[in-house]
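Participant: Construct all of the structure, not just a fragment, from the sequences and the given hints.
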Amino acid sequence: MTFTEILKYSIDLLAVLFLALGIKGLSKVRSAREANRLAAVAMTLAVFGVLVNSLGDIGISLTAWLWIVFGSVIGACLGAITAKRVPMTAMPETVALFNGCGGMSSLLVALAVALFSNTTAQLENGLVEKISIGISVFVGAITFTGSIIAMAKLQGWLSTPPWMQSKIRHIVNIALFVLALIAFFEISIGGDRGLFLLVISSSLLGIGVTLPIGGADMPVVISLLNSYSGVAAAAAGFVVRSQLLIVAGAMVGAAGLILTQVMCNGMNRSLISVLFGGAIGVDTSSGEGTAGEYTNITSCSVEECALTLEAAERVVIVPGYGLAVAQAQHTLREVTRSLEANGINVTYAIHPVAGRMPGHMNVLLAEADVPYEQLKEMDVINPEFPATDVVLVLGANDVVNPQAKNNPSSPLYGMPVLDVQDARTVFVVKRGMSAGYSGIKNDLFELTNTSMVFGDAKKVLGDLLVELKELGIGSKG
Amino acid sequence: MSFLSEALWVLLLGSLLGLELIGKVPPTLHTPLMSGANAISGITMLAALTLIIKAGNNIPLLVMGAVSLGFALFNVVGGFLVTDRMLAMFSRKSPRK
Chain A
0 MTFTEILKYS
10 IDLLAVLFLA
20 LGIKGLSKVR
30 SAREANRLAA
40 VAMTLAVFGV
50 LVNSLGDIGI
60 SLTAWLWIVF
70 GSVIGACLGA
80 ITAKRVPMTA
90 MPETVALFNG
100 CGGMSSLLVA
110 LAVALFSNTT
120 AQLENGLVEK
130 ISIGISVFVG
140 AITFTGSIIA
150 MAKLQGWLST
160 PPWMQSKIRH
170 IVNIALFVLA
180 LIAFFEISIG
190 GDRGLFLLVI
200 SSSLLGIGVT
210 LPIGGADMPV
220 VISLLNSYSG
230 VAAAAAGFVV
240 RSQLLIVAGA
250 MVGAAGLILT
260 QVMCNGMNRS
270 LISVLFGGAI
280 GVDTSSGEGT
290 AGEYTNITSC
300 SVEECALTLE
310 AAERVVIVPG
320 YGLAVAQAQH
330 TLREVTRSLE
340 ANGINVTYAI
350 HPVAGRMPGH
360 MNVLLAEADV
370 PYEQLKEMDV
380 INPEFPATDV
390 VLVLGANDVV
400 NPQAKNNPSS
410 PLYGMPVLDV
420 QDARTVFVVK
430 RGMSAGYSGI
440 KNDLFELTNT
450 SMVFGDAKKV
460 LGDLLVELKE
470 LGIGSKG
Chain B
0 MSFLSEALWV
10 LLLGSLLGLE
20 LIGKVPPTLH
30 TPLMSGANAI
40 SGITMLAALT
50 LIIKAGNNIP
60 LLVMGAVSLG
70 FALFNVVGGF
80 LVTDRMLAMF
90 SRKSPRK
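Residue numbers (numbering that gives the first Met the number 0), protein chains in the order written: chain A, 0 to 476; chain B, 0 to 96.
None of these hints come from the bench; they were simulated from the model.
In this text the structure is predicted, and so the values were computed from the model without any measurement.
We put the beta carbon where it would ideally sit given N, CA and C, even for glycine.
Watch out, some of these pointers could steer you wrong.
[To be verified] Simulated pairs of lysine to aspartate or glutamate, EDC-like, Cα-Cα distance not exceeding 16 Å:
| hint | chain 1 | residue 1 | chain 2 | residue 2 |
| --- | --- | --- | --- | --- |
| 1 | A | K404 | A | D421 |
| 2 | A | K27 | B | E19 |
| 3 | A | K468 | A | D455 |
| 4 | A | K83 | A | E366 |
| 5 | A | K468 | A | E303 |
| 6 | A | K27 | B | D83 |
| 7 | A | K375 | A | D418 |
| 8 | A | K468 | A | E302 |
| 9 | A | K458 | A | E333 |
| 10 | A | K23 | B | E19 |
| 11 | A | K404 | A | E366 |
| 12 | A | K468 | A | E376 |
| 13 | A | K83 | B | D83 |
| 14 | B | K23 | A | E366 |
| 15 | A | K468 | A | E333 |
[To be verified] Okay, the calculated bits of chain B under chain A, using three or more residues with CB under 8 Å as the criterion:
| hint | region |
| --- | --- |
| 16 | 24–33 |
| 17 | 53–60 |
Facilitator: Here you go:
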């Protein structure tokens, strides 16, 4: 072993160690930020490892340097700008976009080696490489198109076409998969035509699988695609013979799979039903969760709501998707500040899937400076609802639906929900009577202790703030 | 063949390590963890880098390598920065400074 080889191996080992510690640390609140930085350091080390090895080996030509700088500067700058500019509410689609680009990168490496490496002697193109190229192209293409579709759907650029909800889509997807398999075998026996067939069929497969999936399930799909992008990276590692790439890709692939499973559990959905069930509620008759079905709805004005809040001792806020969309977290923070100034005890009940993806609501409230200690998880807050005077539900729907507990025939049945109906008074701030993600009627709205406050979350909270000021709350009590 | 057998061991042990690393994640961290793991999956930039270095004067290889490197770095840099942005908000809770 030469000195550069030993140096390269040491750098690689250190990088793997840091990556593993990074992933480990990211799953704990206290160490998460340092862990993220550690992983970033590990990635930088890994790049050094490749450069060191190549310098001692064949040397890096000036042309190569130019292309390296060119590609990395553009990619890094665009990435940094996107990361800085994107609003916190758009986090799910941002993660999807980044992930798709990772998949695209693996796809391109595999394609480049398959198409052009026979002209240079430096990259081998044996059976192992051919199989790895096939896997890398297959998984990379699915990751790319799937992630882009996921992003477009979350942005609202795309909605599910009706025919995608029909059962035919399974046949189409299976056909595409078979086509990809045929192409895969063609490549492994040394064919060239298979490559393009594989690119096209796996790209379409990524679209076909992701397109029918509804908004609430999308985060799970993104997490799964993230796992795939790890697999694609590992396969690319076989193509260019990099052990570091293989181990890192394998770690991300396996860790992503576990995270996907954890998320599914949090939403009480199985991975199979996420992937093959389509959006829940959409293809059933309960999809018509419109105003017509509701009876005994009590609606009230912002003034009444403010008066009740003033008289309360314990208030629990239930933030949801609607709050995130209206970007009302800052106004909410002002409202709770004035309540607190009046000696009212305010806490936030956080459902595991509140917001647009699991854990997203915590990020949004953190952005608005809500103290971490006031955020309570479902299991902690549920026993406290009977001792709560007022619950303010802001743009949350399915996560407070009592049907999940009372109605065994409901598609929501079994999903863990917040027991807000146990509180003395419940105010539901909502734009209209339309159904939530699941498209299921919410029994909570008809209960006698529930009042609806209609309006956009941000507008209602703004009005509430004014009313509270007029009542003399918040001016210092 | 020795590369293959080693690589398969690495793949197996790496996967097991990944399965072990994430045990009980609090829901609070689902989004940042996904975003962080996402950034790490951009490790495929090493493959793009290797490709460019070994490409010699083969222009198509150089171009595809550079584009691939660009995509990967978009993922890596963007992913780590956006994760840091999210996590910075959590740490702000605890007494400042």
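Participant: Now, for every hint given, state plainly whether the structure supports it.
Facilitator: Status of each hint after checking the structure:
For the proposed pair K404 of chain A and D421 of chain A, the alpha carbon gap of about 13 Å is at most 16 Å, so the pair holds. The suggested pairing of K27 of chain A with E19 of chain B holds, with an alpha-carbon distance near 14 Å, which does not exceed 16 Å. For the hint linking K468 of chain A to D455 of chain A, the alpha-carbon distance of about 20 Å lies beyond 16 Å, and the restraint is violated. Restraint check: the Cα-Cα separation between K83 of chain A and E366 of chain A comes to about 14 Å, which is no more than 16 Å; the hinted pair holds.
For a cut-off of 16 Å, the pair hint linking K468 of chain A to E303 of chain A stands: about 14 Å separates their Cα positions. Of the pairs offered as hints, the one joining K27 of chain A and D83 of chain B holds, with about 14 Å between alpha carbons and a cut-off of 16 Å not exceeded. Between K375 of chain A and D418 of chain A, the direct Cα distance comes to roughly 13 Å. Compliance with the 16 Å bound is thereby established for this hinted pair. Restraint check for K468 of chain A and E302 of chain A: satisfied, since their Cα atoms lie roughly 11 Å apart, inside the 16 Å limit.
Using a Cα cut-off of 16 Å, the hinted pair K458 of chain A and E333 of chain A holds, with the two alpha carbons roughly 13 Å apart. Taken as a hint, the K23 of chain A and E19 of chain B pair is honoured in the structure, with Cα atoms around 9 Å apart against an allowance of 16 Å. Restraint check for K404 of chain A and E366 of chain A: the C-alpha separation of about 33 Å exceeds 16 Å, so the hint is violated. The hinted pair formed by K468 of chain A and E376 of chain A fails the criterion: a straight-line CA distance of about 30 Å is larger than 16 Å.
Between K83 of chain A and D83 of chain B the CA atoms are separated by roughly 10 Å; this keeps the pair inside 16 Å, and the hint holds. Restraint check for K23 of chain B and E366 of chain A: the C-alpha separation of about 25 Å exceeds 16 Å, so the hint is violated. Proximity of K468 of chain A to E333 of chain A is assessed by CA-CA distance (about 11 Å); at most 16 Å being required, the pair is judged to hold. Counting residues of the region 24–33 of chain B whose beta-carbon sits less than 8 Å from any beta-carbon of chain A gives 10, enough to reach three: the coverage restraint holds.
Given as covered by chain A, the region 53–60 of chain B passes the check, having 7 residues with a CB less than 8 Å from a CB of that chain where 3 are the minimum.
Checked against the numbered hints given earlier, this structure breaks hints 3, 11, 12, 14; the rest are met.
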